[in-house]
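Chemist: So the sequence lines, in the order shown, correspond to chains A and B. Each residue of the first sequence is one higher than the last, beginning at -5 in the numbering used here. Each residue of the second sequence is one higher than the last, beginning at 434 in the numbering used here.
Keep in mind that the hints were calculated from the coordinates and are not lab data. Owing to the predicted nature of the structure, the values given are computational and were not obtained by experimental measurement. Idealized CB from N, CA, C, for every residue including glycine. Please note: incorrect hints may appear among the correct ones.
Part of the chain B face toward chain A, derived, beta carbon under 7 Å [as the list claims (entries may be wrong)]: (1) L469; (2) Y489; (3) R501; (4) T507; (5) L516; (6) G529; (7) G532; (8) H534; (9) V637; (10) T639; (11) A641; (12) V699; (13) L708; (14) M712; (15) C715; (16) K716.
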Amino acid sequence: MRDDTMNVLIGGEAGQGLVTVGQLLAKSLVRSGYSILVTQTYQSRIRGGHNSFAIHTAVDKVIAPQESVDLLVALDAETVALHQGNLSSGGLIVVDSALEVDGDSFLQVPFKELAQDTFSNIAALGVVGYLLGLEQGLMATALDDFFGRKQRQVLEENRRVLVEAMAWAASHERSGHQLPKIANPVQHLMMSGNEAIAFGSLSAGLRFCSFYPMTPATSILLNLAAQAKRMGVLVEQAEDEIAAINMAIGASFAGAPSMVATSGGGFALMAEGVSLAAMTETPLVIVVAQRPGPATGLPTRTEQADFEFVLHAGHGEFPRAVFAPGTVEECFHLTRKAFELAEQYQGPVFVLTDQFLADSYRAVPPFDVEHLAPVKVGAATAGSLPYKRFAVTETGISPRLLPGLSRHLVVSDSDEHAEDGHITEDLSVRRQMVEKRLRKGEGIRAQVVPPEMDGEQDPDLLMVSWGASKGAVQEAASRIRSGGKRVATLHFSQVWPLVPGQFMDLLESADTVVSIEGNAFGQLARLIRRETGFYIKKQVLRYDGLPITPEAILRDVSR
Amino acid sequence: MVTIEDYGQYETAWCPGCGNFSILKAVKQALVASRLEPHEVLFVSGIGQAAKSPHYLNANLFNGLHGRSLPVATGAKLANPKLTVMVESGDGCNYGEGGNHFLAAIRRNIDLTLLVHNNQIYGLTKGQASPTSAEGLVTKAQPEGVSSAPFNPIAVAVAMEAGFVARGFSGMTDHLSELIQEGIAHRGFALIDVLQPCVSFNKVNTFAWYKERCDPVSRTYDPTDWGAAMRVAREWGDRIPIGIIYRNDRVPFEEHVPVLRQGPLVGREVDRVMLRNMMDGCK
């Protein structure tokens, strides 16, 4: 256990209010100036089971989750049994005094006395807040903000429990868990991956979002729905995912920047719609928050196994771009970029995340939204007359007018169509249109976000990764590096198209290349092989439903 | 003043004698009578011979996937409620592949006019049973005869209290055109189920078969009487009632949605100060 970083894990049953405690503690830490990285695990049930909310926090920027736990807050006996083995030396387990436990590492708190049962989660918050050295006033304000809209009585009761719990902790003080104080902390936002996607889409000019609820994508829609009225966005729950994507295509065709968000199974239903967006050249942003499959799989866990699916979904051939944000900031910026590309190249663009990142709160600096321009929708002029929606051009991009906004008629067809958009079976036109659509891919390729390289030149070990595992891989690299090895990382935040010129030198210069992925096939590695011929033999693959951690990488890499 | 010529005249891919020709004519007449100019109208269609109809007139068009015209129309109408949105497709598209969207569209009650070419058969795929095919109808795909009961779109729509439910017949073009005009004028979701012969694949429900049976509801019939409408909706035999079967004044979806009271979604600026304030809520 280090003194400038702490991994706090709160565990209990669903329905015990552990997410509330977690969010309040995380918020208090962020407001106190600490960096945080949250990992949430939960089960596919409303009550009971075992859920956890882990906050890795530090004075310096936290980039990865951590397996070992410094402060375990166990709201039930099962949490102790499941996580005690991960307790770091000097670590502490906070439990209810009613629980029969034995040993130095336990701090038994009389939750019932402090909180009359109903508010025992707040009592736990008070004790942990005290142990970490957080200010009582700051925590009380966080409580007020959180329960702000509820009854005054509830608010006062919560505050009273917080104060009493902190006082109790002070009188039973256990030293060694306080974080160093940060004087004049800089204000950060506490934001999850899904929240950042919602805000990124709003900043890009989102106007329409249709959805069918599916974990772990749902909170994107919930965030948008909460802000829809004030931001002038229409959020509509569709009858199914097929309807959701077709509605979004209809709205986008009529000129409203549109997005859908779902997970693997829902996206499977959307596949025909992806192809429709491509054929009708309608801009559309599709967020796929991955969870383990096949079929219903592990509905609330994380995985990176839908990359190949997203890459190939939709019948026929058409260009696409697939972003895979590695951080909360990237969720925001790459969602914006997805809207820009979708509008510019008139087709489907993907943002591929996973449950870990979707639910992971981080402390992020405020975004400069005043200076981030929204996308410009549609073409300013019709081009040559008579207006042809699918005029064949050198770039493949045709002037997209919006129906009803001029006297020009806008015609789009899922059938192969002529330049005027009407159905055709003229096979020479077919050839022209295929080539026109594919030419847009060249423009998309020219704008690819290059993979991020970090570390030594000509490394002994190069770790290749994509998406949400970014921080864990960088953290693992830095630990191996401190052991004296020359290590570099190559991380992809855009996984399609691949531009070999951007990364082949590094791949070829490394003694050993290892790919690190949250799936069983090594999907990025085999795509790299397909596209470049370069074979990454060594792979660290995780597919047990948990996020990739530095510890997991180190265990496997050293093997 | 808009005229029928503004809607153009095009060569079609239909069989000679197809009911689609007169439906197309009725649609054009209704648009002209509604004083709508082609650029003010958006057609959304699915896949099938009926879904090709909007290619043969001048208007905005989104010809999408089989069964999915209603969701596309929903999105487009919500993005720009100023558009008059017509949805045109066949019985397979709307009652089979897109059945769930049909139910959802009735519930949402968005101001769309749905025109279903109902010939009780799949034409484009060459003669399989459709959701409205009669029980016992023999086809190459159902050689022992259709064993499912036919879908009754009128009864379902009335049962769900759709705002406007009508049935027309392609052989009575002027009557049909009036129904379409009424459907366009109706604020909210309007269903017009149009019976039509398929000259190539439905040898039972022919032009003569329909002509003998289709009979307009009487002048004294009150389409706002739900109970009476349910009875009429179930009538299907020697007499098939046509006309406006049921109507009510349910508030359309658009009027429930606060965001749309501020005008169309299209062309709005992002309120970046508001966005900044909302993001500051994460502090």
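Chemist: All hints, please: hold or fail.
Modeler: Each hint tested on the structure:
no.: 1; hint: L469; verdict: 11 Å, violated
no.: 2; hint: Y489; verdict: 9 Å, violated
no.: 3; hint: R501; verdict: 4 Å, holds
no.: 4; hint: T507; verdict: 5 Å, holds
no.: 5; hint: L516; verdict: 5 Å, holds
no.: 6; hint: G529; verdict: 14 Å, violated
no.: 7; hint: G532; verdict: 10 Å, violated
no.: 8; hint: H534; verdict: 6 Å, holds
no.: 9; hint: V637; verdict: 30 Å, violated
no.: 10; hint: T639; verdict: 28 Å, violated
no.: 11; hint: A641; verdict: 32 Å, violated
no.: 12; hint: V699; verdict: 4 Å, holds
no.: 13; hint: L708; verdict: 5 Å, holds
no.: 14; hint: M712; verdict: 6 Å, holds
no.: 15; hint: C715; verdict: 4 Å, holds
no.: 16; hint: K716; verdict: 6 Å, holds
The structure fails hints 1, 2, 6, 7, 9, 10 and 11 (numbered hints given earlier, in ascending order).
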